[in-house]
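For the protein sequence lines, the chains are A, B, C, D and E, in the order given.
Remember, the numbering used here sits 61 above the position in the first sequence when you count from 1.
Remember, the numbering used here sits 85 above the position in the second sequence when you count from 1.
Remember, the numbering used here sits 26 above the position in the third sequence when you count from 1.
Remember, the numbering used here sits 25 above the position in the fourth sequence when you count from 1.
Remember, the numbering used here sits 23 above the position in the fifth sequence when you count from 1.
The set of hints was computed from the structure by calculation and includes no laboratory data.
Treat the hints with care, since some could be wrong.
Claimed, not checked - Which chain C residues stay away from chain D? Per the calculated CB distances, all over 10 Å, these:
| hint | residue |
| --- | --- |
| 1 | M205 |
| 2 | D237 |
| 3 | V415 |
To be verified - Derived SDA-like pairs (lysine to any residue); straight-line CA-CA distance at most 20 Å:
| hint | chain 1 | residue 1 | chain 2 | residue 2 |
| --- | --- | --- | --- | --- |
| 4 | D | K239 | B | G328 |
| 5 | E | K216 | B | L199 |
| 6 | C | K426 | A | A96 |
| 7 | E | K132 | D | N174 |
| 8 | B | K172 | E | P235 |
| 9 | C | K334 | E | L347 |
Using N, Cα and C, we set each Cβ at its ideal position, and we do this for glycine too.
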Amino acid sequence: GSHSEPVKIGVILGFSGPLESLAGPIGDAADVAVAEINAAGGILEGRSVEVVRGDGTCADAAAGTAAAERLVTSDGIVGMVGAMCSGTTGAILQAVSIPNGIVQISPSATSPGLSTVEDNGLFFRLAPSDARQGQLMAEIISGKGISSVALTYTNNDYGKGLADSFQAAFEEAGGSVTINAAHDEGKGDYSAEVGALASAGGEVLVVAGYSDGGGAGIIQAALDSGAFDTFVLPDGMVSTALTDRFGSDIDGSFGQLPAAAGDGASSLEALLNDAGVDGASVYAREGYDSAAVLLLAMQAAGSTDGAAVAAAVLDVANAPGEPIGPGELAKALEILAAGGDIDYVGGSDVELIGPGESGGSYREIEISGGEITTVTFH
Amino acid sequence: MAVKDREADAFLIGDSMTGGYGSGADILHGCTIAVSKGEIAVIVGPNGAGKSTAMKAVFGMLNLREGSVRLNGEDITSLSPQDRVAKGMAFVPQTSNIFTSMTVEENLEMGAFLRRDDIRGTIEQVYDLFPILRDKRRQAAGELSGGQRQQVAVGRALMTQPTVLMLDEPTAGVSPIVMDELFDRIIEVARTGISILMVEQNARQALEIADKGYVLVQGGNAYTDTGKALLADPEVRRTFLGG
Amino acid sequence: MTLTTRDILLFCAVFGLIAATGFFQSWNVALGIFNMGLISAIMALGVNMQWGYAGLFNVGVMGFVALGGLGAVLVSMPPVPDAWAAGGLRLIVALLAGAATIVAAIQTWKRMGKGLARTAAMIAILVIGLVIFRSLFDGAVEAIERVDPAVSGYLGGLGLPIVLSWPVGGALAAGAAWMIGKTALGLRSDYLAIATLGIAEIVIAVLKNEDWLARGVKNVIGLPRPVPYEIDLQRDPDFVERAASWGADVATASAITVKLAYAGLFLTVLVLILVAAQLALNSPWGRMMRAIRDNEVAAEAMGKDVTKRHLQVFILGSAVCGLAGAMMTTLDGQLVPSAYQPLRFTFLVWVMVIVGGSGNNFGAILGGFLIWYLWVMVEPLGQTLIGLVTAGMADGSWLKDHLIDSTAYMRLLTMGVVLLVVLRFSPRGLIPER
Amino acid sequence: MIVVENLHKHFGGFHAVDGASLEIKAGTITGLIGPNGAGKTTLFNVIAGRLPPTSGRVLMNGEDITGLPPHELFHKGLLRTFQIAHEFSSMTVRENLMMVPADQTGESIWSSWFHRGAIREQEKALLDKADEVLDFLTIDHLRDEKAGNLSGGQKKLLELGRTMMVDARIVFLDEVGAGVNRTLLNTIGDAIVRLNKERGYTFCMIEHDMDFIKRLCDPVIVMAEGKVLAEGSADAIMANEQVIEAYLGTGLKNKVQAEAGA
Amino acid sequence: MDLLNAVVALLNFVIVPAVAYGSQLALGALGVTLIYGILRFSNFAHGDTMAFGAMATILATWGLQAGGVSLGPLPTALLALPVGIAATALLVLATDKLVYKFYRAQKAKPVILVIVSMGVMFVMNGLVRFIIGVDDQQFADGARFVISARDFREMTGLDEGLAIRTATVITVVVAGICVAALFWFLNHTRTGKSMRAFSDNEDLALLSGINPERVVAITWIIVAALATIAGVLYGLDKGFKPFTYFQLLLPIFAAAIVGGLGSPLGAIAGGFLIAFSEVTITYAFKKVATYVLPEALEPQGLVQLLSTDYKFAVSFAILVVVLLFRPTGLFQGKAV
Ligand SMILES: Nc1ncnc2c1ncn2[C@@H]1O[C@H](COP(=O)(O)OP(=O)(O)OP(=O)(O)O)[C@@H](O)[C@H]1O
Ligand SMILES: Nc1ncnc2c1ncn2[C@@H]1O[C@H](COP(=O)(O)OP(=O)(O)OP(=O)(O)O)[C@@H](O)[C@H]1O
Ligand SMILES: [Mg+2]
Ligand SMILES: [Mg+2]
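Given these sequences and hints, build the entire structure.
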């Protein structure tokens with residue numbers, strides 16, 4: 062295309078369907094990144110960036126694929142942020158991104174299966190594979206001298222993968238998991254699950270779910286019935302939605318989420334909040350970072366060609382280079398334009414390893430006084 | 086032609102009605118039926134002649150393309166069925182003429198839906214007429230035998246205390262003894278000044294008590310005369326009344 | 027039953043819509059819609075057999091579609107030798123033991139006379155059987171699922187060409203339908219509905235939770251394909267040359283070639299099923315089915331074995347749904363159990379049948395294409411709509427921002443409106459039964 | 026042909042059929058009459074396999090057929106009509122008749138794919154047969170009408186027409202006459218007699234029209250309150266005091282009949 | 024003492040939650056069953072009607088809360104209920120006029136109406152999300168508990184706690200009142216009987232002088248009231264989220280059907296049956312057993328009949344079994 066034409070990128074998330082309430086903030090955060098870049102004069106010598114949204118639905122791979130297909134072949138997007146759920150992500154990758162040579166960066170797909178998928182080098186994700194988090198969570202819990210936990214997970218690839226890797230690691234470390242029970246999203250009533258969890262017993266309850274979905278429902282029911290009062294919260298659970306709802310009732314609960322050491326996370330959260338986006342929502346920061354990495358890679362590659370962009374992603378995301386935090390996209394563009402090297406850190410401490418996924422540094426948190434407080438970084 | 090003259094001042098008249106169901110072909114072709122105050126008019130004719138259709142047309146359950154319906158001199162062609170009920174008309178259709186899931190007594194109560202006065206007395210009258218219904222008052226009407234259902238249907242219509250009573254084959258399936266009762270009762274009702282318009286296949290008995298008889302064929306009037314006269318007409322007897 | 031001019035015009039209109047998508051957006055999108063439209067049409071045909079022919083209210087379509095998907099995995103994925111070694115045999119023995127228990131229980135129930143002894147014997151058999159089953163099964167499952175859980179953790183499939191899975195998927199669905207039919211077909215319409223709905227949920231629960239079978243919610247991805255990969259085409263110099271001679275860029279040409287290949291396969295299946303369905307429907311068999319649907323009591327009195335016929339058509343329809351399910355999983359290239367939602371896989375198919383015209387095979391097919399087209403296209407439609415509505419508003423106004431934020435929800439809303447409009451103008455479906 | 030032994034059918038506490046025993050002899054046209062609610066239709070329903078009996082047995086030519094499903098009875102040559110018409114309402118009148126015969130090749134889905142020729146021939150024969158029956162019932166002009174759109178009496182005729190599509194051995198008619206024009210009913214009566222004489226059908230018919238009963242039936246069985254009250258020739262029955270009291274009455278109808286007879 | 028603990032544990036984790044969930048389902052099922060009983064179709068839009076009613080009430084509640092109105096220990100939302108009911112009634116009446124009326128006049132088959140109601144469902148779905156968004160909304164105020172687990176433990180000195188929530192109590196009471204009122208209304212008032220007559224035989228109802236439009240309107244108004252009440256009580260207990268209301272549709276239908284479609288009593292019974300089967304069958308009796316049994320017999324495993332993974336499936340399996348033995352549901356529903 063000519064130089065004055067805008068560069069179009071797609072943002073495909075589950076805007077309708079079971080995880081619809083998570084999709085909004087992620088998409089909006091991506092918009093914030095794009096707006097920042099446009100304010101800095103765009104990429105590739107002044108081309109502005111335009112976002113085209115598509116509904117991945119999270120539940121209907123075919124509809125998600127059709128949306129992606131349309132974005133790529135009709136709207137003419139040259140890169141894609143998405144999809145949200147691992148299922149749709151895999152489908153779109155196979156059916157659309159690979160055939161059309163489009164770079165796809167998912168902010169939130171965490172299924173370990175995606176690590177080994179045949180992707181022709183086009184697929185990246187900023188969320189770490191769940192395998193690593195499970196291990197870390199086991200370490201943190203054992204570190205507190207807790208030896209027996211009850212475990213519940215949201216019944217999808219994220220929850221199941223996390224729960225399995227955690228259970229394996231925790232039992233390895235000598236702990237015992239009294240029960241490992243799934244819960245389904247959006248089912249409203251969780252008394253049966255909590256009944257079983259309570260009966261199985263355990264010092265704390267590990268909830269591998271979503272903070273505005275079933276996970277919160279489980280905590281509510283557990284608190285109501287007095288079954289548990291301390292919860293272990295992995296990434297999907299840590300958000301202000303949780304503290305807004307339960308306040309200091311869950312004081313003493315703890316957990317971890319992928320996040321950078323330093324203040325990238327908090328400054329991005331502030332940045333997003335200023336733009337009217339819930340910066341604390343799960344994967345919102347990764348949404349911003351995904352869009353940023355994608356566009357910076359285009360700038361670095363000096364073109365929108367898929368293969369070239371794919372090759373540039375790792376350069377942009379990893380050291381060496383000038384570290385780039387949230388809100389510093391203008392600076393990054395400048396450096397790249399001048400032929401320099403950057404190391405994008407962003408709000409989620411982006412560091413891509415192996416097959417192009419986040420290596421995973423984590424922030425350990427604790428709830429105290431109804432607030433999420435950072436304990437340390439791993 | 087005495088009958089024809091009296092149609093002008095008939096209490097209820099469906100005048101040269103033409104029409105059919107929905108957008109289908111016409112079933113009625115300029116058919117006229119009428120009944121005067123306190124009289125019994127009987128419609129007979131072969132199956133599919135349009136008797137039931139004519140009754141429904143008079144009751145406003147199908148759109149007429151031509152013709153009109155007048156009650157007591159007033160044109161009611163465009164009134165809805167439930168408004169006609171309010172004007173004192175009552176109708177027992179030929180099929181699905183009871184509320185099957187409701188009890189016998191509730192069926193009768195529904196008949197009196199528009200009445201605001203005490204209906205106990207009327208219910209008792211119906212039970213006296215059809216004693217079997219008293220035994221079955223708490224039973225769902227759908228569980229009754231064919232003839233018992235028919236009795237419920239007629240009872241329901243009587244509950245309205247109408248000024249015009251329209252009956253589509255009220256005696257189909259009822260036993261002879263009940264049929265006699267029913268005809269007796271119909272004569273009685275007519276004597277109180279209520280007009281009765283009925284379709285009958287038990288035509289000979291019906292024409293016997295009729296002040297006026299209509300023979301419908303293919304949606305039009307074939308013969309119209311007093312009941313006795315029709316009964317006496319050998320042609321009518323042979324072709325329509327089974328000899 | 028022949029097509030009237032109006033019907034043909036309707037078909038032309040729907041294909042015209044899809045073609046317009048090709049002209050104005052891209053042929054890739056259009057072909058993508060067409061391919062899923064073919065699969066939807068087959069599903070709709072299956073439901074139409076059950077509802078349109080025989081009046082069976084099956085709202086468990088999702089379950090049969092999912093079983094078809096399972097068939098695709100079981101046939102086409104390579105076996106996992108480690109898992110087989112770890113517990114494959116034990117698992118099979120366990121399943122056989124389970125089946126034997128049930129058969130034994132049923133036989134006892136049939137053979138023994140009524141009474142306490144029978145109940146006691148039955149319970150004893152069931153309890154002992156359950157204990158044996160669980161002791162074998164639990165161990166085997168644990169062993170299998172421990173084999174590299176992140177990428178396998180299941181037994182894998184047979185490693186056969188995936189096209190073979192289509193009939194197998196149909197057969198799996200038919201088997202399930204047989205079991206369901208045996209127990210639940212005596213129920214009256216709405217009650218049959220809830221039974222099938224429930225059984226579909228059970229099928230999905232099994233798919234989600236039995237990891238040894240098809241990895242449960244961890245999903246199976248990267249199923250083999252019956253057609254070439256785009257990437258391979260793009261690397262094939264012959265193909266590149268040919269694409270150049272057509273004047274298309276290679277990526278587009280390869281994607282379209284692959285889609286056309288799928289379309290050819292799917293179309294063949296659809297035509298075969300359609301011909302079989304039409305022949306049956308227009309023969310005395312179809313007449314008998316319609317009679318049964320109209321009035322079971324009278325049909326029974328006229329010597330038709332209603333129960334048997336219901337079972338037959340239930341199995342046939344379900345098998346067709348299973349077949350379509352296997353085809354869909356093939357097209358998706360993955361099996362994602364949590365994606366099976368009743369709204370999408372049961373009720374949307376019902377919408378297809380009703381909007382198209384139940385009782386009419388061509389109606390069902392038309393409905394399949396049209397509704398799928400809308401399901402995909404309501405998203406841009408909704409966006410356009412919001413764009414139009416907000417065009418006149420002042421920038422930055424609260425309402426405008428709110429509306430633009432809500433664009434995503436326009437998807438279902440538009441779907442609803444379109445559905446209501448279509449049904450308003452043809453309440454008996456676009457191509458009604460004659 | 027059919028023997029009913031001490032049959033009971035109870036609905037809750039209500040005894041609709043209360044120990045009825047009767048025999049329908051082969052080759053007869055047996056009339057079954059009785060007051061409304063006597064249990065006639067219920068008896069039919071039990072014999073024809075629609076309802077399971079509470080107790081008692083039904084024998085057909087010595088074979089116990091109690092509780093057999095209707096479709097099996099149909100194959101044994103036992104047919105029935107319904108008092109409240111059970112037409113196949115969304116099918117055409119002709120199709121209503123054509124679906125009746127059993128063992129049509131085309132009723133197997135397999136044959137519908139691979140034996141088109143045989144089916145075509147059978148269909149032609151069926152079609153002719155159906156048209157013949159429709160002609161006879163004077164509803165041939167309605168052959169392509171949806172059965173649901175027929176008039177009340179026409180539906181009754183269709184009910185009867187279905188039994189004429191096959192070679193039955195025994196036919197149970199539940200008030201075929203109700204709602205049928207009397208002139209036509211006479212023709213139907215003639216047909217019944219003809220089927221009985223020429224083809225050896227046995228009939229058992231419920232009817233309230235005593236003219237009709239008298240013309241056709243011998244013997245006549247009277248039921249009341251679930252039991253058999255009397256049995257005999259039509260004349261004997263009509264003179265039976267008990268029957269007059271319970272069923273016939275002495276009112277208008279008899280007067281009219283007397284006149285008609287005169 | 025241990026026996027007491029066992030009983031309390033059972034109460035706290037099985038009985039009370041099942042009663043709470045059951046009565047929530049029952050209230051929803053009541054609306055579904057009424058539409059089925061009178062208008063003769065399965066209304067798929069009911070879940071979203073509940074969401075709409077709850078949303079309208081929430082907006083009104085916020086208004087009241089902003090105005091400083093409160094009901095003390097009871098949630099303010101109860102005060103806002105009439106507003107929600109009125110808004111919902113207007114919505115469903117408008118829907119009826121715009122949509123359903125046409126199909127009634129056409130005498131369309133029930134299944135057509137079912138599909139049409141899905142169209143309505145999509146539209147309402149969008150409408151609710153348009154107005155209030157997809158997020159969780161908390162609007163409960165007042166006291167959350169009648170008695171909390173901790174208070175109970177302190178009061179009785181037992182190891183086990185027993186929590187009873189205000190919302191549960193309100194829901195149970197309201198469900199009881201609703202079913203009694205509905206039962207009485209349908210069976211003993213003229214209007215109620217005319218509604219049943221209408222559902223039985225529409226044409227004949229006309230012939231009895233019953234005004235069908237009035238019957239339909241009254242039905243919708245009652246349904247709107249039931250849906251709003253159910254939606255609000257559910258929201259008070261669990262929080263308001265549009266997607267959950269849609270998901271609730273399935274168990275609600277299950278409850279209505281197992282109870283016998285068209286029967287208000289059946290809806291209640293069905294709701295409880297579903298809730299109890301979900302909770303009991305998947306409950307791990309380990310804790311209870313530990314209290315009751317001597318130490319030697321203490322169970323090793325969880326003593327759980329089936330894992331909670333299959334909770335939904337199990338309740339459906341039970342449904343199927345119930346239907347096999349009572350083919351029209353517990354309370355003799357009707358089938359179209
Ligand atoms: N399903 C049922 N439940 C309860 N009672 C029933 C049921 N079916 C029939 N009955 C009762 O059984 C009795 C006999 O009914 P049946 O239909 O056999 O009468 P019938 O002799 O055919 O009468 P008719 O001449 O009026 O048709 C009636 O009193 C009826 O109310
Ligand atoms: N709902 C309908 N739609 C279309 N045609 C109909 C409908 N009902 C009846 N007809 C047709 O109208 C004609 C007249 O029917 P109608 O019911 O008026 O006959 P009838 O004189 O009452 O006959 P019967 O004595 O058999 O009751 C018949 O030929 C019938 O096929
Ligand atoms: Mg008639
Ligand atoms: Mg009878």
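Hints numbered earlier in the text: which of these fail when held up against the supplied structure?
none
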